[in-house]
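S.K.: Two chains, two separate frames, one set of hints: put the complex together.
Protein sequences, first through last, are from chains A and B. Reminder that position 23 of the first sequence reads as 23 in our numbering, one-by-one numbering, no gaps. Reminder that position 163 of the second sequence reads as 485 in our numbering, one-by-one numbering, no gaps.
Simulated from the structure, these hints should not be mistaken for laboratory data. No experiment lies behind these values; they were computed from the predicted model shown. Don't be surprised by glycine CBs; every beta carbon is placed ideally from N, CA and C. Wrong hints could be hidden among the right ones.
Between beta-carbon pairs, the in silico distance windows are [said to hold, decoys possible]: (1) B:L384 x A:D25: 39 to 49 Å; (2) B:E414 x A:R155: 27 to 37 Å; (3) B:A450 x A:E28: 43 to 53 Å.
Quick look at which bits of chain A chain B covers, simulated, 3 or more residues with Cβ under 8 Å [said to hold, decoys possible]: (4) 46 to 56; (5) 310 to 318.
The lines below spell out each chain.
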Amino acid sequence: MSDASKIQAHRGMATWGETLVPLEDFREAAMGFGRRLSPEERASSVSEFVAADADPTPVEGPFERVAIFGGIYSNTHALGALLEDAAQRGADAVYCLGDFGGFGPNPEHVWPLLEAAGVKSIQGNYEAALASGRTDCNCGYTDPRDNQFADLSYRYTEQNCSAGFKVYMGGLPARRRIRVGTSEFLLVHGSPRRVNEFLFESTSPEPFLEALCTKVQVDGFLCSHTGLRWHRALPSGRDVVNVGVIGRPANDGRTDVWYTLLSAAGEGVEVEFVPLAYDHLALADEMRREHLPEEFVETVLTGWWTTCLEILPARERAASAY
Amino acid sequence: MTPGTSTSEAKAVDVQNSTPRVHLGSLDTLWFQVGGTLCNLTCTHCFISCSPTNHTHELMTLEQIRPYLDEAVELGVKEYYFTGGEPFIKREMEEIIRETLRVGPVTVLTNGLLLDPARCDRLAALAADSEYSFDVRISLDGYNAETNDAIRGEGTFDRILAGIKNAAAVGISPVLTVTEVHEDNGTDDGRRRFLRLLSEIGIDHPRLKFLPVFKLGAEAERTGAYEGWETLECGAADTWDHLQCSSCRMVTDLGVWVCPILVNEPSGRMGDHLADTLDGFPLSHPACWTCHVHEVTCRT
Ligand code: SF4
Ligand code: SF4
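Bound conformation, chain B alone (with noise of 0.2 Å):
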């Protein structure tokens, strides 16, 4: 796909009325992509291809933030997801949490290397004043060192561990994000073993979240882009509630966008305020393909 010929297309099968719309029935999930596009890290996999010299979306300021809070009040949010990127690249990011648990719960979305133990304390502080829920993602892609470093790097798999149970040190217990690279990491038997990892290292009843792949940006390089026929059309459901779109809006420093996931479609981009966004959209994407088949949800 040309970067030319996806708007192109997208809005011709509009005009033609067999793609989707999604609507928005309430606006639960409010993600910020608050470490823009910039990362400690050059995943594989990663499906907006974040590395420490992309800029295609930058890091946001908490003035930048504030103002679509003031609207999630009003639009009655229940939950604010932090993402990047990797957040803690940020140093404001503290005052943005704290910031925001005033108004609701927070996850944040790490890849687990700057959780160190002055910042965990730090962290853990911020959990204990607020009246919501304070929860960190950690993600982690193979459950020993040569299935996760295949993917996030030489050496990252003891990072992230260090990062996890740094965390677990001050009471907060991660949420564990595992992608579906390797083939057998969400069946029963790789769950157990994730489980049996994270038992090893103290940490019991721990909290997993799997996503599938989207096979974008770096992962489109890794494993190939998606296919012409990995579309949706009117008919494949009835209702499209299933989809977080239904329900989630996603805000970088270029405004807001659809969801987590087309931040670099163009398309994907739906206005500046919250108030601009509130109607539906078109599934056009083959993401959403992926998004339907695997009832995804980016949320924990």
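Isolated chain A (complex conformation) (with noise of 0.2 Å):
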């Protein structure tokens, strides 16, 4: 067809499948599909969708402080630092909200300090698909340079964890429940729904938030996954807290990582991001020894991410460096 006639084909009529009918006989037949509800009928099938789902998750606590923190990446440096800044700080118990490795040097480090400190877990993204012996990380970046890294310190963790550290990561659990005062909060790696949802403050809406929570009854969750730590107070008076990573900085040109402190507050809880100094310059000399992409050290040293930007959102983006 011409452009000029391509232009004219449509006055008065639709497209329905490869056929063009008078726009009349369009709306009719489509105005013939669809239910039509009743006022009392719509409201009762919204409360049937964001009604709560039942999860036999048992609930641990009560605590008066916990330290939650995600995103280890093999950065045992600053694990070490944030164990001891936890105890100072009187936590009656640590959480990791997964991953484990990626990113940083020798693996298997992280397994022995996690053990000896008794902090609890949950599975990343990173445990469950090397528990499941799943041979690359499959993140589907669009830009191969982006999946070249991803690719590489999969690779990189996989080898470097024994088999046994591998069961213990199959063996944790996907979600846990904790209560801290009077209040019970989720916590879990990407999102409620899934290990692998990112989370991030620009695109997770109050409205959504709040529906995540009515579907698991509870007073708010912590994730991860994302890198980026945030803290939406809610205005049902719930909270929402991504916690971040302590493995990497968080794009924000320091080189501290941050972990979160959840300690009881009369009716609720009071959430604090603690920012942890760790020896990130041992850090990078490791890394460096373990011939890891000096894109990564960069990181490292500079505190802002240089790899696999495009999971950003445009917020995010516009105060990253790169």
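M.R.: Dropping the structure here:
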């Protein structure tokens, strides 16, 4: 069809399948489809849709104060600093939201530290993949360069974790529930629904987070996976926290990493993000000895992410150096 | 397929119960066909055959959109997408974006032609005012004028690049949508060519979104329609949670539709309100086959 005839083709007509039909015919046919519920039926359809799902996960606690962190990424230097700091600040329990390996050097060294400190963990997508014997991380970036980096760090981690460690990972729960003071929280890696869902601050609107909390019947939840920390105090009084990661800096030009302290406070909780200065130069040396990409080392030394930035939403990207 | 047979066939298959049904697990992504089927271009691969005269779906007003936003808040929608046609032919578009950004992140899909510097300035101001992300997604179908213009029309390559640059100049880093109209568009080499093109105009770490073609509308004329065997049957997959219709709905001036793809298929219409559309949908259309095989999602 020529351009001119294409422009004219739809005067008074609609496309239906591969055919042009008079507009009124299309509209009439369309209006014949779909449900027409009464206002009462609509209300009950909505309340059924948003209603809570039963969750048999046992509740741990109650605690007065817990330290919660995610994304170790084999950074034992930061993990050691965290365990010391959390003990000093009087945490009753320490929880890890998954992703022990990836990015950093010598993943196996993480295991004894977790065990010795009695850290309670859940599986991240890395643990789920390693435990199931997958040979690639399946990150599926659109930039081939990012895929190379993601593959490389997955393969390195896969080859440097013992079978015993992988079995340990496979035995971890996908979620936990804890009570802090009088409030109950769900701990997940990505989101309450999926281990690999990214919950960024600028793309996790309040109504969405309220609906997630309602589904799992909690006063809030804590997640990780994205690498960037945030806290939303919801209008209902619930709290949703992304604890960030301790494995690499938060793309803010600082070499510190962050973890979260959740403390009972009156009827609710207090959420505090704690910066951790750790021996990042020792980490950089260790990464170079293991021949990990210089791009990763640069992140440790500068505090800016250098690879796999495409996961960042517009707002978080705008704050990024690269 | 004639209009008469497509719907009666769909129903017949449904009755036989071999057509799988996709269940709406959560309503994460809410689409608005705010530009209707009206567009300032007539791309040869447009699966809904948009043009300056296609009024199948009309432009939507903020008044029409508001009640859906109220419902969306109640249902816990995660993100909002505006498409068309061309959304920016709607004068009220910036008002619509501003109001939607109050309840969640917004992405606008555009052909980029109307992204002049003044509009980009206003969009950047809207983005800065919101705590939620605002994204612009611009379509480009070839990494040079020859391959792009063959699909999008004479002279569009240069005009699209100008729009991309105007957006980037005010800090809006656009997502580029590339359809696999040319065989190598989605390969590693093809991807590198697009990335190189973008880095040449000063955009580093760009985001690209590749989409397969749907053999519908103008595209069916270009490359042929679906074959009879391209239909899903029960048993082809255990669950259908990987399909976008398990977590999205599309609103047009004619009501709520199952997804952004089936808006020219009357049986894709599910109701007047979002609350009417929370139950399942039969995957009887051949386009569902493309979705399943290519794991398509229209969101970024
Ligand atoms: S593909 Fe997009 S830009 Fe092209 S005619 Fe269709 S709606 Fe318009
Ligand atoms: S075309 Fe795709 S998104 Fe739409 S109903 Fe079919 S499978 Fe779902």
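S.K.: Taking the hints in turn, state whether each one holds.
M.R.: Here is how each hint holds up against the structure:
Between L384 (chain B) and D25 (chain A) the CB atoms are about 29 Å apart, so this pair departs from the stated range of 39 to 49 Å. At roughly 51 Å, the beta carbons of E414 (chain B) and R155 (chain A) sit outside the given window of 27 to 37 Å. Evaluation of the 43 to 53 Å hint for A450 (chain B) and E28 (chain A) yields a pass: the beta carbon distance comes to about 45 Å. Counting residues of the segment 46 to 56 of chain A whose CB falls under 8 Å from any CB of chain B gives 4; the rule of at least 3 is met.
Figure legend: the segment 310 to 318 of chain A, annotated as covered by chain B; annotation consistent (7 residues with Cβ-Cβ distances under 8 Å, at least 3 required).
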